[in-house]
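Enquirer: Numbered by the working numbering, the letters in the sequence shown go through residues 1 to 460 in order.
Treat the hints as calculated values from the structure; they're not laboratory data.
Incorrect hints may have been included.
EDC-like, lysine to aspartate or glutamate: derived pairs with alpha carbons at most 20 Å apart [said to hold, decoys possible]:
id : residue 1 : residue 2
1  : Lys93     : Asp282
2  : Lys86     : Glu336
3  : Lys19     : Glu88
What follows is a set of in silico ranges between Cβ atoms, one per label pair, in the way DEER data are often shown [to be verified]:
id : residue 1 : residue 2 : range
4  : Pro256    : Leu155    : 51 to 57 Å
5  : Arg417    : Ser53     : 24 to 30 Å
6  : Leu144    : Leu36     : 33 to 39 Å
Glycine residues also receive a C-beta, built at the ideal position from the N, C-alpha and C atoms.
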Amino acid sequence: MLKIIIPTALLIPSSLLLKSTALFLMTTVYSMLLALLSLCLFNYPLVLEISNSTTHFSTNPVSAPLIILSCWLLPLMILASQNHLKPEPLNRKRMFLMMLMILQTTLILTFAASEFVLFYILFETTLIPTLIIITRWGNQIERLNAGLYFLFYTLASSLPLLVTLLHLHTTHLHTSMELFYLQQPGTLPTQMAQLFWLACLLAFMVKLPLYGLHLWLPKAHVEAPIAGSMVLAAILLKLGGYGLIRISPLLSPHPPTLMFPIMVMALWGVLMTSSICLRQTDLKALIAYSSVSHMGLVAAAIITQTPWGMTGAMILMIAHGLTSSALFTLANINYERTHTRTLLLVRGLQLIFPLMSTWWLLINLTNMALPPSINLMGELLIITTLFNWSPLSIILTGIGTLITASYSLYMFLMTQRGSISTQFQLSSPTHTREHLALILHLLPLGLLILKPALISGLFI
Numbered sequence: 001m002l003k004i005i006i007p008t009a010l011l012i013p014s015s016l017l018l019k020s021t022a023l024f025l026m027t028t029v030y031s032m033l034l035a036l037l038s039l040c041l042f043n044y045p046l047v048l049e050i051s052n053s054t055t056h057f058s059t060n061p062v063s064a065p066l067i068i069l070s071c072w073l074l075p076l077m078i079l080a081s082q083n084h085l086k087p088e089p090l091n092r093k094r095m096f097l098m099m100l101m102i103l104q105t106t107l108i109l110t111f112a113a114s115e116f117v118l119f120y121i122l123f124e125t126t127l128i129p130t131l132i133i134i135t136r137w138g139n140q141i142e143r144l145n146a147g148l149y150f151l152f153y154t155l156a157s158s159l160p161l162l163v164t165l166l167h168l169h170t171t172h173l174h175t176s177m178e179l180f181y182l183q184q185p186g187t188l189p190t191q192m193a194q195l196f197w198l199a200c201l202l203a204f205m206v207k208l209p210l211y212g213l214h215l216w217l218p219k220a221h222v223e224a225p226i227a228g229s230m231v232l233a234a235i236l237l238k239l240g241g242y243g244l245i246r247i248s249p250l251l252s253p254h255p256p257t258l259m260f261p262i263m264v265m266a267l268w269g270v271l272m273t274s275s276i277c278l279r280q281t282d283l284k285a286l287i288a289y290s291s292v293s294h295m296g297l298v299a300a301a302i303i304t305q306t307p308w309g310m311t312g313a314m315i316l317m318i319a320h321g322l323t324s325s326a327l328f329t330l331a332n333i334n335y336e337r338t339h340t341r342t343l344l345l346v347r348g349l350q351l352i353f354p355l356m357s358t359w360w361l362l363i364n365l366t367n368m369a370l371p372p373s374i375n376l377m378g379e380l381l382i383i384t385t386l387f388n389w390s391p392l393s394i395i396l397t398g399i400g401t402l403i404t405a406s407y408s409l410y411m412f413l414m415t416q417r418g419s420i421s422t423q424f425q426l427s428s429p430t431h432t433r434e435h436l437a438l439i440l441h442l443l444p445l446g447l448l449i450l451k452p453a454l455i456s457g458l459f460i
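Whole structure, please, built from the sequences with the hints as guidance.
Expert: Written out as structure tokens, the structure reads:
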């Protein structure tokens, strides 16, 4: 575990000390080596065991895929941000890279934490670098408003969680995840148990986000720079899902009076946010709402607390992490050349960027869960679980899948087909750097089709 944490932490001073000429090259190469090194974490025992254990940090089949995803995305964020940072002075470039490295380190520590209070502290720490990235390097003045939404939604929902964790600590004198799995905390009186359940889950529902608590997400995505959007969609949303998976075993049995409304909100949210995507004019907002739709499925699957549901949630979280990050990269490549995110203005890009059109098609097909992608495996497991829980849910999930396919094709046709505006005919050609970033998104998605058990969390 330390062989990944220490080199990642040492990237922070290296981003300040490297020569200006080698700054991007060295940080990209170094972080790519770290990403390859992190693949060792896949080598966990075949039984559900805790490995790389220290007193406070350990990895298991649930956290290892998410740590690897965090490490894998760092070089891709650096690759995608280079054009955005070109006009910035050198010290700001260094600051930006340093923020990414700090965020990366805290994310790895968060996923590896094996104590709830430590997990909470690190969970809140990830807020600081993300907030700085959005409010300092965002594109428009609304970024300050988006940063405030992001900050207050997260903080307000996290305070009840802190209270419940401190209550657990005073009652049991520890907050170790492993010890709670071995000996479940005693059940509270009925009214208290419901409040306890809601307080524990609220922070993660906002982070995920559940429909109804999602208003901060489209704002943050639209205003964030490309690296901010990538890390938000790919990893920070998964913190919510990971937190739900971790804390749910403490809370069984789930109180039905609270469980049903949340399940209904999650499934209704899949339908509503998918419908919102069909009438979006802003490309980044469309991708942000599609994230809310996919995370609704994940929330519903985790709350069912079945092995199939948990496995489906894990697979879909990793698949969605890579897919949405790739979609944001594509949206940014378009924005850098056309300087607009409005779908109506940017049409017919297939004529001037034919290879980029191939990436658009492949990533959109993955987003709509085309067989044999791992997105399909995750969605099938989740839909089966929900059908088993309540046969009526197939109506909502079925219509949701249909609308997802519709808006994915709508996004592809709006950006790639049609007649191109004369002002975009002299756009600069695409760079190898951009194609490399997209290949490195699609390569793991393709390879994981061969062995999805690596990211399944070994629940089945």
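Enquirer: Each of the hints needs a verdict: does it hold here or not?
Expert: Evaluation of the provided hints:
no.	hint	in the structure
1	Lys93 - Asp282	violated (28 Å)
2	Lys86 - Glu336	holds (12 Å)
3	Lys19 - Glu88	holds (16 Å)
4	Pro256 - Leu155: 51 to 57 Å	violated (30 Å)
5	Arg417 - Ser53: 24 to 30 Å	violated (53 Å)
6	Leu144 - Leu36: 33 to 39 Å	holds (38 Å)
Comparing the model with each numbered hint stated earlier shows that hints 1, 4, 5 do not hold.
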